[in-house]
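For the protein sequence lines, the chains are U and X, in the order given. Per my numbering, the first sequence runs over residues 12 to 419. Per my numbering, the second sequence runs over residues 771 to 885.
Keep in mind the hints are simulated off the structure, nothing from the lab. Just so you know, even glycine gets a beta-carbon here, dropped at the ideal spot from N, CA and C. A few of these clues could be false.
What the hints assert, rightly or not - Sample of chain U residues with no beta-carbon within 12 angstroms of chain X, all distances over it, derived:
1) 77
2) 126
3) 130
4) 259
5) 372
As the list claims (entries may be wrong) - Here are the computed distance ranges between Cβ atoms for each label pair:
6) 141/U to 851/X: 31 to 37 angstroms
7) 885/X to 390/U: 23 to 29 angstroms
8) 851/X to 416/U: 51 to 57 angstroms
9) 833/X to 390/U: 34 to 40 angstroms
10) 96/U to 885/X: 41 to 47 angstroms
11) 885/X to 230/U: 47 to 53 angstroms
12) 185/U to 842/X: 54 to 60 angstroms
13) 778/X to 337/U: 36 to 42 angstroms
14) 837/X to 390/U: 35 to 41 angstroms
15) 177/U to 778/X: 49 to 55 angstroms
Claimed, not checked - 27 angstroms max Cα-Cα, derived DSS-like pairs, lysine-lysine:
16) 75/U to 224/U
17) 14/U to 224/U
18) 75/U to 861/X
19) 224/U to 168/U
20) 75/U to 860/X
The primary structure of each chain is shown beneath.
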Amino acid sequence: MKKILQIALGILAAIGGFVDIGDLVFNVEAGAKFGYQLLWVVVVGVVGIIVYSEMCGRVAAVSKRPVFDAIRERLGFGVGLGALISSEIVNLMTLAAEVGGLALVLQLLSGLPYRVLILVGIAGLAAVIWIAPFDWIERIFGYGGLALLVFAVGAVKLHPDWGSVSHGFVPHVSGSDQLVYAYFAVGLLGAAMTPYEVYFYSSGAVEEGWTPKDIGLNRANAMIGYGLGGFLSFALMITAGALFLPLGIEPELIGTVALGAQVPLGEIGLLLALVGILFAVGGAAIDTCFSGAYNLAQFFGWEWGKYRRPSGAPRFTLAWVGLLVLALLVIMSGIDPVLLTEYAVIFSVVALPLTYVPILLVANDRAYMGRYVNGRLANAFGLLYLLVILAVAVSAIPLMILTNQGQG
Amino acid sequence: MSSPEELDLGLGLLDHQLGDSEGRRCGNVDDLELEGLSEGSPRVAAILVGPPVWRGRGRLGRLASRVARGQTVRIPWEEVDRIDSAVHLKKTAPELRLGRGDDRARRWVEWIPGS
Chain U
12 MKKILQIALG ILAAIGGFVD IGDLVFNVEA GAKFGYQLLW VVVVGVVGII VYSEMCGRVA
72 AVSKRPVFDA IRERLGFGVG LGALISSEIV NLMTLAAEVG GLALVLQLLS GLPYRVLILV
132 GIAGLAAVIW IAPFDWIERI FGYGGLALLV FAVGAVKLHP DWGSVSHGFV PHVSGSDQLV
192 YAYFAVGLLG AAMTPYEVYF YSSGAVEEGW TPKDIGLNRA NAMIGYGLGG FLSFALMITA
252 GALFLPLGIE PELIGTVALG AQVPLGEIGL LLALVGILFA VGGAAIDTCF SGAYNLAQFF
312 GWEWGKYRRP SGAPRFTLAW VGLLVLALLV IMSGIDPVLL TEYAVIFSVV ALPLTYVPIL
372 LVANDRAYMG RYVNGRLANA FGLLYLLVIL AVAVSAIPLM ILTNQGQG
Chain X
771 MSSPEELDLG LGLLDHQLGD SEGRRCGNVD DLELEGLSEG SPRVAAILVG PPVWRGRGRL
831 GRLASRVARG QTVRIPWEEV DRIDSAVHLK KTAPELRLGR GDDRARRWVE WIPGS
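Using the sequences and the hints given, assemble the complete structure.
Here it is as structure tokens:
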């Protein structure tokens with residue numbers, strides 16, 4: 012019974028932790044532009060992150076090796092270093108965007124100046140990371156992020172045309188604006204399959220000392236946590252499709268996203284939406300910050316882990332502190348967090364194969380995995396998604412340029 | 771590793787994590803020193819760790835080697851205790867002169883309250 016409760020709590024945290032600023036931006040913008048037409052892409056992305064999270068969680072449970080160890084072992088020092096540099100750049104961009112989003116929400120809640128709230132946000136994040144244990148951080152932000160469920164209520168209250176909604180789950184090509192449609196499809200996939208999620212997930216599994224006994228837990232966490240997390244993405248897109256598309260609103264501000272809950276549900280809807288976004292982007296900021304430090308430490312073989320005291324993994328500690336400081340400088344420059352988010356997601360898509368190919372290789376290595384190597388199903392999905400990843404990686408930048416970042 | 775007699779040096783050893791006798795992570799296998807190549811009976815003589823070794827690890831490795839500071843640490847093969855997904859050593863990191871970067875950084879981190 013206690014175990015079931017533990018699993019349920021973990022899954023709740025995973026649902027709340029699924030959405031980050033990339034999902035917010037791309038789901039809402041896609042909904043405002045194409046209504047419910049791109050819902051199927053979210054399904055594709057969510058299945059993809061489930062497939063690869065399950066794989067890297069299993070690798071971590073069996074071999075105690077997180078993703079970036081596998082990347083260096085399989086790609087070698089030179090190419091691995093390239094993967095490290097690109098992932099650190101994307102991590103930093105994402106972290107800065109999440110911090111900017113955090114400050115914007117704090118601004119809507121408090122009315123204080125944006126730049127002051129960036130400092131408040133960074134200081135708050137640093138304090139939470141320094142003081143709170145790993146599982147507490149996961150829980151606090153995961154549960155807080157559940158407030159985003161207000162968008163599910165809002166979506167229903169907006170009385171969308173459920174026929175069109177269900178049609179959106181069937182893969183199809185748009186009748187008009189096909190390049191922009193493709194750009195948003197790539198962005199939605201990138202937002203759902205952001206590599207920092209697998210870095211964080213696998214490192215967390217090693218931190219929590221998973222063993223082959225936890226493989227069932229891993230599967231449940233990945234499938235139910237990410238699966239239901241995807242539900243929040245649907246809610247955001249349906250809300251935007253029902254509300255913004257008919258009015259011709261192109262949401263370019265975080266506050267506009269929250270309107271999706273305010274219009275159908277009033278003040279309480281707005282408040283819940285803002286609280287949900289606050290915890291979602293705050294939690295994602297911590298995840299990206301840690302991912303950056305994990306990757307660096309794992310690539311160079313340093314001691315790492317949040318479960319240690321900060322002085323037990325000193326370079327790891329300096330790495331996350333340094334990343335927070337760099338993110339502060341980036342976002343203080345005045346760059347628009349929404350624009351930065353789009354760049355971060357699109358660039359992360361380009362680097363996706365460097366992360367996912369080594370995971371697939373290691374999960375198939377019998378010397379590494381023993382009898383826990385990938386089965387046929389995991390390999391069929393793994394290979395299929397490899398093709399999807401390669402296709403989006405190649406097309407991401409050209410689409411961004413051709414569509415002027417989805418502006419058409 | 772499933773069978774200790776059979777180890778793929780490229781996949782099963784190079785670039786793997788090093789752990790000391792107390793389970794502390796203390797670097798990666800940056801390169802290997804082989805001997806007996808000309809006699810036709812090659813064997814691994816030592817594990818090499820440290821930025822100077824990266825010079826032989828691709829173009830980016832050469833660049834990183836030039837930027838990073840640090841010395842090469844040579845771990846004789848006799849110091850290897852066992853190999854699974856990581857390489858476990860028989861002695862502690864300080865005894866082998868490994869993990870010195872972390873030891874240096876610790877002085878900075880310990881200065882912060884609550885560390």
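Worksheet entry | Hints violated by the structure (numbers, ascending) | Failing hints, ascending: 1, 5, 7, 10, 11 and 19.
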